Amino acid sequence: MIDIANTKIDFLKSRIITFIFSSILVVLSFGAFFVSGLNFGIDFKGGTLIEIETENEIEISGLRDNLNFLSLGDVQVQEFGSKNNLLIRVEQQSGGDQIQQNVVEIVKTSLNSYLSSEVNFRRTEVVGPKVSGELIQSGAIAILAAVFAMLIYIWFRFEWQFSFGAVVALIHDVILTIGVFSITQLEFNLPIIAAILTIVGYSMNDTVVVYDRVRENLRKHRSKNIIDLLNLSINETLSRTIVTSVTTLLALLSLFIFGGEVIKGFTFAMIWGVVVGTYSSIFVAAPLLNYLDVKREWNTTSAVDSTR
Amino acid sequence: MIYFSNIKISSILLVIFIALMFAIPNFFSKDQLNSFPSFIPKQQVNLGLDLQGGSHLLLEVDTVEIIKERLENLNSDVRRVLKKNNIQYSNFKNTDDNLKFVVEEFPAEIQKEISELSISNSQNILQMGDQTNLVILREENDVSISFTDEFVKLAVSNAVAQSLEIVRRRIDELGTREPSIQRQGSSRIIIQLPGIDDPDRIKALLGQTAKLTFQLVDTSTNYDPLNPKKAPVGSEILPSDTDDSFKYIVKKRVMVGGENLVDAQPGFDPQTNEPIVSFRFDRLGASKFGRVTQQNVGKPFAIILDDTVISAPVIREAILGGSGQISGGFDSDEANDLAILLRAGALPAPLIILEERSVGPDLGADSIEAGQYAAIIGFVAVILFMMFVYRYFGFLADIALIINLFMVLGILSLFQATLTLPGIAGIILTIGMAVDANVLIFERVKEEIRSGSKMINAVENGYKRALSTILDANITTLIAAVILFFMASGPVRGFSITLAIGIFTSVFTAFTFTRLLISIYAKSLKPSLVGMKIND
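Keeping their order, the protein sequence lines are chains A and B.
The letter at position 77 of the first sequence is residue 77 when you use this note's numbering, and the numbering goes up by one with no holes.
The letter at position 12 of the second sequence is residue 1012 when you use this note's numbering, and the numbering goes up by one with no holes.
So that you can see chain B by itself, here it is in the shape it has in the complex:
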């Protein structure tokens, strides 16, 4: 165990050298690094949001809403089929996951017609071959219609993918520094925003689905506050964005929707100097909009964002150019955000914020400072203690400990792992535990010497005997670190990473570098000195 070939020696030194090279950039500023020769690595440790400051948001796509909306679309289609075939139905209602109604008779061909509905009705590429997407259950006179599990899964998965894209576009529009937007699980999105400690604006931007529609105002009747729910068939009552007491009655039919927009920009009305958002339709949207405005000159139409009427101007003349503007009591910041939302497109379903963690930049900086301070003091304390207990061998273990820390830092930089505050704690814990492998070996060597072995043999046997203990002892800690890694997310995960790296480097240095140093020491002892008690 104490004889090293030159190849072995040089490969040990090479590994350590490489680790040092990767650790070095962390001790210099970015500017200093740029002036270094190109062969020196420039990657620094990735700081977690808790150290550099920033915001973490966990969002969930409201999947219930996706299915609910699709069922609402299905509702009118099913009614149409029933009416067309003169089927009497009653108690027609929507629940969160199915449609229910009561019929006297329900012939098979009608069932077939309904089951084919979803195929022709599939809006967003939800075609699933010729298979029906509906499950029609009939129990006596009660009929319930729901979507198949596959369809639900696909609809949700599409909605999440689409949401991810829209979220990305909205955040990119804000020009945030290196945002990270990732899907998690089946319906969640994790957003990491370095440098942003007050994510209010982003939350506001993500909190709206931003579904824009243009619908005609129903002028046949006025809103009656005494009868707040009564709207004519085919119309709906919607609140006003600017006036809480006022409600609009608008026709349900959508003239044009936000999906036909190609651009939206904030600006100011040249006459009133009021903030506005000007927009442009694509060709289809422009022709639809032109046709409807042509037919309804003199009537008001409502501009609706997320079921709230922003404004309801009167159509003065046909708008054929395919562009227009929205004004309605918002300030220039709001106009700016609305333009962003319209450009990025509507979310397929609302997003719910499940978790938010934001850290200001100075708390992060304080944590780094405190962590460095604790690391240095802990390190000095351990080094002194080791030298006190093991004297010369302790000194060798201390050198190994220093190399160990550089290796942890080097590996973190090389793999661009994220260093968090608990991660720093993991490094400090490593300072305390990394000497364990050496302690186990030294204790063995001492025992060997005590039982009369010569120095060289004592070192040789000490290493041999300690090996399996060291492996067993470190594997147990490693198991805990691995379980923590898979169970945790965010900062705590950073702890498991540094802990695991620390275990590997401490075992590695104990069996290569320290052993090399000790064997050089043991061999250099004169024969007369061999057999002496070490550390005396």
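With the rest of the complex left out, here is chain A:
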């Protein structure tokens, strides 16, 4: 039996170091984002994506050269999971939505004549400029809306200090996720937005559990030094934080390893988010309360809901 409930780790002792560590990661993320940018998939950039499967292994460079003769602009060919599965991406053609439709036909004809064996077209996606523009906009709005909704919810349930700390941790997580996608240049598409929203939910979930305990301890130990009190709260919830993170990661790892190529990026984002979200609850959200002058005198009405 593992018992991690009686720990007395001084999490706040190294708070300056962890703040600097987080700040460096945030700056790195910004740097990567502005230098190399996100590798937008066709959801946000527009264009055509075709996944094919063939009986024999294909030599990618030959196929790539062949497709580049079609003068469709940038054509990327990459292996997708196995040597018989290829992903072909064609950049968005200039000339509006209707033009994009021609690409599929041109590429399909070319593939059928270039490859001697039977080609199985597993997936075809064409996103025109209008839709990709809308998707990027609604994706950004959704993330902002989610962060804002969390801000309001925590403010409503706690106090502004908690709400501020939680949202800083949240923004930290979102920036680091965008940063890791900028650095690795993994494809950033619509499911990644879904993953980020889930990360927002998960990270907040983790933070709320710690904050709930902080609030409870603020009532219980009115004279206790705030740093000791925060340390106590983190330690008391540590066992839960670890168990839940581990079970979530176990499920996500299984999805990452066995769930197929199509949702690998999505799963990767969530695994990253769970790790970062757990870290930020302990090392960002909770220590921040030390600087935010939280209310010590909780009135009786708000005390009711913790003992309900």
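Hint data in this document are derived by calculation from the structure and do not stem from the laboratory.
None of these values were measured; they are calculated from a predicted model.
The calculated lysine-lysine pairs, modelled on BS3-like cross-linking and capped at a C-alpha distance of 25 Å, are: (1) B:1068 to A:130; (2) A:295 to A:13; (3) A:130 to B:1203; (4) A:220 to B:1454; (5) A:220 to B:1464; (6) A:108 to B:1203.
Which chain B residues stay away from chain A? Per the calculated CB distances, all over 12 Å, these: (7) 1009; (8) 1089; (9) 1231; (10) 1253; (11) 1287; (12) 1402.
We treat Cβ as the ideally placed atom computed from N, Cα and C, and that holds for glycine.
Position chain B against the provided structure of chain A, taking the given hints into account.
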């Protein structure tokens, strides 16, 4: 918190039983289900296009074209009024949203006559009371005429409704399995076609407006390649469907249009064995066609589809029977598609394909297999881990987790929600996160015991203390899921659905089923055992 009335116990079990009943059909094939007694539900989870294979198309009605066409109709009417009243005008031109010309004088009564034009001109039930549909602006000598916003809105809305109907008819003609055709927003149409992974033919069918007209060929002059734009007044130059180098000059006046067709069928010409489409006019069309052919025997007339001349046969004799045939170098598949298009009718405006997503059936099947595999392995890993950490309580949480998964599946089946690949990911994520409520409770119970509470009291207080934390923690995830639901469409939306259902079921089972099990366990402990440390 640990005392349950019998009613409570039976209602908890009943809810779980109902959820199980709705989940069960998913584990059997359709044939097996049919042999089951009738009281067992037969609805299975609805698979999204990414799992069963199929095509998703997002189309937009070209609204600019609708207004442009109406302005073109208005153009000649306005000119007629100006001419009739001897008003000198110059620089008459059409833009995308208005007509412009320059006049020296523009008396009020002429303005009134023009403003009444649109009312008599309203072709498709666009009457808006006695109100005018036109906005006439005059700045010095420059006049611009445009449609009112209400008129534009109505014209677009009608065109979209009509397009939806035509699209539906065209797709139905193909006999596609359970297509879903829905309007989205003001001018878009979403088409979902399960089982179709190569929508080329459908795209080709939807890519044509299929506006059919019969017009006389202008025989007064021949097409001059050196002067490619010069056509006599009242005539226009149109390309040929079969010969790229050849162009026809045809009279603009439409003899009969496709709206007068009542039927069109593909077939073969008995003499040449060439594929043809034979058609039949309604009574009005038949009489119009009869009259024109009677007056123009010996002259050619053009059969025009979407501004391209399909063929231009010479009228040998008056065609009074109201039926005829089109031939012109197409094969039998093309004849078949043309017949479908003519039967379904013309689109009021071109459709633009904004987005296409097609998934082949074997990729869908692979995704389901991979998803099941990942779910089982993730599930086993979580179950073992929980038992390792919480021993007996972990085992109870594991039973709750199993029930949880059945409930998610049951709710998905009951509401016929669509399960997508990200939706499967949502279920797997639920496996990992659903234990959280129980973890929060167990940790509280452990703390209570550590501080000296008896087992029963520890469970009682543990549940009480954990409640608000569990609610707060789950509401945050729920907020994210709800925002995702409203922002996303297609497969990603499926993720938000399973995530949200997972949140509800995990909180529900933690506070009912697991609590019931634990309270039974806590009460069964002998007094001597109470106060012992659990999990040791």
